[in-house]
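Enquirer: Turn these sequences into a full structure, and let the hints guide you.
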Amino acid sequence: MSQAVAGVHASSRSGRRMALPRFHQVAAVVLVLVAVVAIAAPWLAPYSPSAQSLDQIRPPSGAHALGTDALGRDILSRMMYALRTDLLLIVPAAGLPMVVGTVVGTLAGYAGGVLDAAVRWIADVFQGLPLYIFLVALVAAMGRGPASLLVAFTALGWIVYARLVRTEVRRIKTAGFVEAAYLLGRSSPQVLVQHVLPHALKQTATYFVLDLGMALQGVAVLSFFNLGVKSGTPELGAMVADAQIFIRSSTWMVALPGAAIVVLGVCIAAVGDHLSSRTRGESDGR
Amino acid sequence: MEGSGWRLLGRRLLQVLPVLGLLLVVVFALQALIPGDPARAIAGPRATEAQVAHVRADLGLDETVTTRFASYVGRLAGGDLGESNRSDVPVTQIIGQRVGVTLSLLLGGLVASVLLAGPAALVLALRPRSRAAWVIERVLSVAINLPSFWVGLMLATVVGLRAGLLPVGGLEPGLGGHLRSYLLPCLTIGISLSPFLARSAATSLREVVASDYVVTARSVGASGTFLFRRHLLRNALPPTVTLLGFQAGALLFGTVIVEQTFALPGLGAEMITAAAQRDFPVVQGLTLVFGLGIIVFNLLADVAVSVLDPRTRTA
Amino acid sequence: MAASSLEVEGLEVVTRAGVPILDDLSFRVAEGQALGIVGESGSGKSVALRATMGLPPAGTSVRAGTVMVGDRRVPAGSVTPAGVAMVFQDSFTSLDPTMRLGSYLAETVARHRGATIAAARSRARELLRDVGMTEPELRMRAFPHQLSGGLRQRAAIALALATDPRYLLCDEPTTALDVTLQARILALLKARQGAAGLGLVFVSHDIAVVSQIADVVAVMYAGRIVEIGPTATVIGSPRHPYAQALVAALPDLDRPGTRFLSIAGTPPDPSEFTAGCRFQARCGHPGTGCDQPLAGLDGRDHRHRSDCLHEDTHPAGRAS
Chain A
1 MSQAVAGVHA SSRSGRRMAL PRFHQVAAVV LVLVAVVAIA APWLAPYSPS
51 AQSLDQIRPP SGAHALGTDA LGRDILSRMM YALRTDLLLI VPAAGLPMVV
101 GTVVGTLAGY AGGVLDAAVR WIADVFQGLP LYIFLVALVA AMGRGPASLL
151 VAFTALGWIV YARLVRTEVR RIKTAGFVEA AYLLGRSSPQ VLVQHVLPHA
201 LKQTATYFVL DLGMALQGVA VLSFFNLGVK SGTPELGAMV ADAQIFIRSS
251 TWMVALPGAA IVVLGVCIAA VGDHLSSRTR GESDGR
Chain B
1 MEGSGWRLLG RRLLQVLPVL GLLLVVVFAL QALIPGDPAR AIAGPRATEA
51 QVAHVRADLG LDETVTTRFA SYVGRLAGGD LGESNRSDVP VTQIIGQRVG
101 VTLSLLLGGL VASVLLAGPA ALVLALRPRS RAAWVIERVL SVAINLPSFW
151 VGLMLATVVG LRAGLLPVGG LEPGLGGHLR SYLLPCLTIG ISLSPFLARS
201 AATSLREVVA SDYVVTARSV GASGTFLFRR HLLRNALPPT VTLLGFQAGA
251 LLFGTVIVEQ TFALPGLGAE MITAAAQRDF PVVQGLTLVF GLGIIVFNLL
301 ADVAVSVLDP RTRTA
Chain C
1 MAASSLEVEG LEVVTRAGVP ILDDLSFRVA EGQALGIVGE SGSGKSVALR
51 ATMGLPPAGT SVRAGTVMVG DRRVPAGSVT PAGVAMVFQD SFTSLDPTMR
101 LGSYLAETVA RHRGATIAAA RSRARELLRD VGMTEPELRM RAFPHQLSGG
151 LRQRAAIALA LATDPRYLLC DEPTTALDVT LQARILALLK ARQGAAGLGL
201 VFVSHDIAVV SQIADVVAVM YAGRIVEIGP TATVIGSPRH PYAQALVAAL
251 PDLDRPGTRF LSIAGTPPDP SEFTAGCRFQ ARCGHPGTGC DQPLAGLDGR
301 DHRHRSDCLH EDTHPAGRAS
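Protein chains in written order, with our numbering: chain A, 1 to 286; chain B, 1 to 315; chain C, 1 to 320.
Check each hint, because a few of them may be wrong.
Chain B side only, calculated, beta carbon under 10 angstroms to chain C, not exhaustive [said to hold, decoys possible]:
| id | residue |
| --- | --- |
| 1 | 172 |
| 2 | 209 |
| 3 | 213 |
| 4 | 218 |
| 5 | 219 |
| 6 | 220 |
| 7 | 222 |
| 8 | 226 |
| 9 | 231 |
| 10 | 238 |
| 11 | 239 |
| 12 | 308 |
To be clear, the hints were calculated from the coordinates, so they are not data collected in a lab. Cβ atoms here follow ideal geometry from the backbone N, Cα and C, with glycine treated the same way.
Expert: Pasting the structure below:
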């Protein structure tokens, strides 16, 4: 309650001052713009991302705003398509683990017993194991490509969500309003869907946003290692890898896609941190 | 170490067993993920039909899963991690040749992280309202999102290629050359790990600074570096080391990234090459070694905490 | 002729937002004397001690006031005036968990006396014996978590005594302990007061505990001293309605079962402090003029007084 009151004070104060927009708001706007560019890349991009030309490794110019790469492809167009590739990968790479983890976590937390113990055990044990190395090993076993990436991210990522949701479900299950719902004669699945899940989902949604950043780093580094997307696919990490042999003469070719990863990462983290401080505030106030 | 210290170590080793078990299962199960014929994948593209048949017999693909797992663990126990399907060199030999580079990077990366994170944590915890703390907070929130392969390349360009100050690829000969070759890679690991470390160290230090026992210590006249050394540091270190243990995976993967970026002949670069070329025995063996590495790292962190914090020793 | 004393004048402590928790608090204790301060939590009694040490609680700062130790003037807010030490409420959280008792004591002794390590260690053993610990040699090697609650509180007192104080500020030093241990610690403090001529400031929410040790009692409410006087007089004939309620809550051995349980309502938050009587909202018999600004009593004067305007009109002694 006091949290909510404090929040009202803070926002009314900044409203009166008409202060500069907060950082997380700027970050959200940037993310929306990135999403728009990614979706509209086929219409916005000046060139096809795979169209080669004899203008190879040219610095930024009027014809090519960000220059051209070793095969004479337009870097701006490739970056636009790369954003598309990355967004299309990281949303499911963070989303699938969330779905799987939430289902498992809900069942475990609600049913308790062996399932719950198993989820807890796996979550504990996996904490002591190198997930990124497993990621590489899984992709190595399955062969590179988006499908392998998604399977690998899901296989390793569900655990965090399952633990999170399980804890939350157990906490809410014993909360007063859920017991009240039982007393009113609701059935278990009804209570689960109407009362328990919405609360648990608030936390997972926050975590999902932060996880997007992790997925971005993961996809980029695997592609940099030539273990992510198939070669030739425009992707930010792969673009860094393709350009690295020219780094001395044409640093911008490495700098640009890397900087794009940083900007995306910072914006995702800013929005995620803001959401998590808000959900923390709410659960503290409860 | 006193008797209780050994008992603690024994207890920790027991706790490690399930982790070890799961690691073996995961590494073993990697085989099952190989699409198509695992025997062919393991034997490699150069293998003749006879070799593939031999591998198939070795794997015992007709046997039950448990028998196969048992014989896999048996081979591991005998020190047999298989052979590379590119070079036929035993995986153990590859590890032996390359583990030194990776261990050096681990140590150097850890030192770089502490050197970068320490001062930042001190400012964040002791002068939280200062301008410096504000700047550090901003720098950390960017640094935490830096992909280290890219940081490595940019450092290599600016410090190595442009200024010509340091080598940027491979190991230069001699001790001095080695040290110079490790400098940028370790700095890269430091940059990627220090944000976590700085934040967690600052959090523990802040808690200690606000604690009752520090008020007591100040009330009996402890101040300045004495207060810092005897009371603040000794209490803030154990939780920081525990959190560092949680970062072991990130630290290890950091060595993989810089080995690849700076062309250093370590385990990580080998793993990436093997993965890209589908040299499955090497990938499997190195995954196991990295897993064991994490387990050992966590054990060391636990032991360090118990040495630093008397409460965990006789609790 | 008057013994040397610790005098605190015009102490003002504010929160970060500038809200005063203490405004203009003064008190005095002479060597060999025990001043008790009683009040509910939030009355500012602990803050007063912490501010006197120059270690105000987190989020607050000392804005004004002077501390005189004998004839030495300590500016407000400077840390730990020499000759004054403090014993904290909870010895579990107030002793450094990573320090062996012996090293902690010896280092403190060495710092204050400039003694050698050997001399400091032997002084540390002596201190442990002084606070009634058997087997001091064994205790020297112990970490705080290895000691029982009673021993820990003794260790905390020994630590405070290691600075050779003339005055000892005790912040609810017995609250965390059971009744038997409480009595032992009180006896120990009283013995140090007698033997070493220590001046004690003893803060507690429990007037029964304070009455066992204090020569003079000050009753604090909402950041002010509302009644002060020799212990026997204040307990025997409290004048302020708040003090009356506290005294009435004491168990009465003559009339068992007539215990007055509590005062309705809660003390005001510092942000709601008014210039007038701060107790009027909970007072059983507020009268005219209760809104008039009050100064609060000067605790350097130990004669029996209260700052209730209507102290003569409501019945003295035990309210029924």
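Enquirer: Could you run down the list of hints and mark each one as holding or not?
Expert: Verification of the supplied hints:
Interface restraint check: residue 172(B) against chain C, minimum CB-CB distance 44 angstroms, threshold 10 angstroms, status violated. A cut of 10 angstroms between beta carbons decides the hint on residue 209(B): the least distance to chain C is about 9 angstroms, and the hint holds. With a cut of 10 angstroms, the hint placing residue 213(B) at the interface with chain C holds, because the nearest CB-to-CB distance is about 4 angstroms. At a threshold of 10 angstroms, the smallest CB-CB gap from residue 218(B) to chain C is about 6 angstroms, leaving the interface hint in force.
Evaluation of the residue 219(B) hint against chain C yields a held restraint, the C-beta minimum of about 5 angstroms falling below 10 angstroms. Residue-level restraint check for residue 220(B) holds (minimum Cβ-Cβ distance to chain C is 5 angstroms; threshold 10 angstroms). Evaluation of the residue 222(B) hint against chain C yields a held restraint, the C-beta minimum of about 8 angstroms falling below 10 angstroms. Against a cut-off of 10 angstroms between C-beta atoms, the interface hint on residue 226(B) holds, since the closest Cβ of chain C lies about 8 angstroms away.
Nearest Cβ of chain C to the Cβ of residue 231(B): about 5 angstroms, under the 10 angstroms cut. The hint holds. Here the hint on residue 238(B) is kept, as its CB sits about 8 angstroms from the closest CB of chain C, short of 10 angstroms. For the restraint placing residue 239(B) at the interface with chain C, the shortest Cβ-Cβ distance is roughly 12 angstroms, beyond the 10 angstroms limit, so the hint is violated. Evaluation of the residue 308(B) hint against chain C yields a held restraint, the C-beta minimum of about 8 angstroms falling below 10 angstroms.
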